[in-house]
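Guided by the hints, dock chain B onto chain A, whose structure is given.
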Amino acid sequence: MTVWIAIAVTAVGCYLVKYLGLSAPAGVLERPLVKRLAALLPVALLAALTAQQTFADGPHLMLDAKAAGVAAAAVALVLRAPFLLVIGVAVAVTAGVRALGG
Amino acid sequence: MAEQTEIPTTQRAEASPSAPLAKPDSAVIRDALGVGVAVGLSGFAFGVTSAGAGLSLLQTCALSLLVFTGASQFALVGALAAGGNPLTAAAGAFFLGARNAFYGLRLSAVLGYRARIKPFAAHWIIDETSAVTLAQPDRRSARLGFTVTGFTLYTLWNLTTLVGALGAGALGDTDAWGLDAAGPAVFLALLAPKLEDTVERATAGLAVVLVMVTLPLLPTGAPVLVASLAAPAVLLVQGRRERAKQARGTVRPAAAAAPPAPQDGTNESRTAAEEDRG
Numbered sequence: 001m002t003v004w005i006a007i008a009v010t011a012v013g014c015y016l017v018k019y020l021g022l023s024a025p026a027g028v029l030e031r032p033l034v035k036r037l038a039a040l041l042p043v044a045l046l047a048a049l050t051a052q053q054t055f056a057d058g059p060h061l062m063l064d065a066k067a068a069g070v071a072a073a074a075v076a077l078v079l080r081a082p083f084l085l086v087i088g089v090a091v092a093v094t095a096g097v098r099a100l101g102g
Numbered sequence: 001m002a003e004q005t006e007i008p009t010t011q012r013a014e015a016s017p018s019a020p021l022a023k024p025d026s027a028v029i030r031d032a033l034g035v036g037v038a039v040g041l042s043g044f045a046f047g048v049t050s051a052g053a054g055l056s057l058l059q060t061c062a063l064s065l066l067v068f069t070g071a072s073q074f075a076l077v078g079a080l081a082a083g084g085n086p087l088t089a090a091a092g093a094f095f096l097g098a099r100n101a102f103y104g105l106r107l108s109a110v111l112g113y114r115a116r117i118k119p120f121a122a123h124w125i126i127d128e129t130s131a132v133t134l135a136q137p138d139r140r141s142a143r144l145g146f147t148v149t150g151f152t153l154y155t156l157w158n159l160t161t162l163v164g165a166l167g168a169g170a171l172g173d174t175d176a177w178g179l180d181a182a183g184p185a186v187f188l189a190l191l192a193p194k195l196e197d198t199v200e201r202a203t204a205g206l207a208v209v210l211v212m213v214t215l216p217l218l219p220t221g222a223p224v225l226v227a228s229l230a231a232p233a234v235l236l237v238q239g240r241r242e243r244a245k246q247a248r249g250t251v252r253p254a255a256a257a258a259p260p261a262p263q264d265g266t267n268e269s270r271t272a273a274e275e276d277r278g
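Protein sequence lines correspond, in order, to chains A and B.
According to the UniProt record's numbering, the first sequence is numbered sequentially starting from 1.
According to the UniProt record's numbering, the second sequence is numbered sequentially starting from 1.
Bound-form chain A, shown alone (with noise of 0.2 Å):
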């Protein structure tokens, strides 16, 4: 029953703010500052993302296969690889590293 009430809070929440982001009044968004801070904030949340998923274990910082894997990502994407082919390297050079260190 808890982990429902969890889900309905998370769907809730999750939904409202996605709502009121689309529906702001369009006078915030003339603001220069508010346009290049909406601009900007992706970017850090994109990067903080990435960083929290490949080396975060819960609240411990941890380096393994994984990192590889999304380093090998970082070098498709340096070469142009399209999306999937991205992901899919990041997941093959993951497992490939884990079942040679076993």
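Since the hints were made in silico from the structure, they are not lab data.
Please note: incorrect hints may appear among the correct ones.
Listed next, the stretches of chain A that the computed footprint assigns to chain B, with coverage defined by at least 3 CB atoms under 8 Å from CB atoms of chain B [what the hints assert, rightly or not]:
no., stretch
1, 41-51
2, 60-72
According to the in silico footprint, chain B covers these stretches of chain A (three or more CB under 8 Å from chain B) [unchecked claim]:
no., stretch
3, 5-13
4, 18-28
5, 82-93
Some but not every residue of chain A turned toward chain B, in silico, with C-beta under 10 Å [to be verified]:
no., residue
6, T2
7, L33
8, K35
9, R36
10, L37
11, A38
12, T54
13, A56
14, A76
15, V78
16, G96
17, V97
18, R98
19, A99
20, L100
It should be emphasised that the depicted structure is a prediction, and the values quoted were computed from it without experimental measurement.
Yeah, the Cβ is synthetic: ideal placement off N, Cα and C, and Gly gets one too.
Below, chain B without anything else, positioned relative to chain A:
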């Protein structure tokens, strides 16, 4: 808002020669499908993770149908699996989802949807639909990109969540398959095209430092929010530099929000403090 009447140009240099500038729809759809299919398929990893965390099939599918923002979903089942309090787990997931408000803020002007459509469109606002939509040169392409990415991703994400949850038992240890690397690779692929200039690179770099430093110290979800402070911090530094240059008369006024710089520079700390509230 004025309709864009000029001939839209595709931003991608690698657009196929058979699809010239007059027909950008195919290019938009191709980009949208690429992202939608690739990310939609990673719902499989979520289904497997959620089932492995002990959530029922119905709970797992409800998350993908109703929350539909991957990072939040992963954060929630991760916290529940770790034995976290349900409300703390939900708070972490909510913090991660808060970034979608900023995407919505930007998409609102780009898409120009009427109030009746917004409650429905809002559900599809996530990293991937925002990235595709904001990469388009005009409103028509933006709406097309948003719709195709949103529809493809939502459908596939939910189908593969179901398949993943059903197949979790058969797959065994999903980490052995490297599926846990799909998430960060997706974020990296979305981030890469945004790292065009120094300001964006500085923001990304500072965000990574902030999240790594605060991860061991703060509860789930909070480090990512702290890292988002990199954006106003970098803007603040950039604004100060521009004002300093302007004061020396070496640079044209930038499109920043900063008021005309005081020539003597004595008010600099005051205006910087004002901007800091942003």
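These are the hints, each one checked on the structure:
1. 41-51: Answer holds; 11 residues pass the 8 Å Cβ test.
2. 60-72: Satisfied; 6 residues make the cut.
3. 5-13: Our answer is that it holds, as 7 residues pass the Cβ test (under 8 Å) against chain B, meeting three.
4. 18-28: Since three or more residues must qualify, the claim that chain B covers the stretch 18-28 of chain A holds, with 9 doing so at under 8 Å.
5. 82-93: Holds: 10 residues of the stretch 82-93 of chain A have a Cβ under 8 Å from chain B.
6. T2: 4 Å, holds
7. L33: Where the cut-off is 10 Å and the nearest Cβ of chain B is about 3 Å from L33(A), the hint holds.
8. K35: With Cβ-Cβ at 8 Å, under 10 Å, it holds.
9. R36: 6 Å, holds
10. L37: Holds. Min distance 6 Å.
11. A38: At 5 Å from the nearest chain B Cβ, A38(A) passes the 10 Å test, so the hint holds.
12. T54: Holds: closest Cβ of chain B sits about 4 Å from T54(A), inside 10 Å.
13. A56: With a closest approach of 5 Å, the A56(A) hint holds.
14. A76: 9 Å, holds
15. V78: 8 Å, holds
16. G96: 8 Å, holds
17. V97: This interface hint holds because 8 Å falls under the 10 Å limit.
18. R98: Holds - the Cβ of R98(A) comes within 10 Å of chain B, reaching about 6 Å at its closest.
19. A99: Interface hint status for A99(A): holds (8 Å vs cutoff 10 Å).
20. L100: It is violated, given that the least Cβ distance between L100(A) and chain B is near 12 Å, above 10 Å.
Violated hints amount to a single one, hint 20; each of the other numbered hints is respected by the structure.
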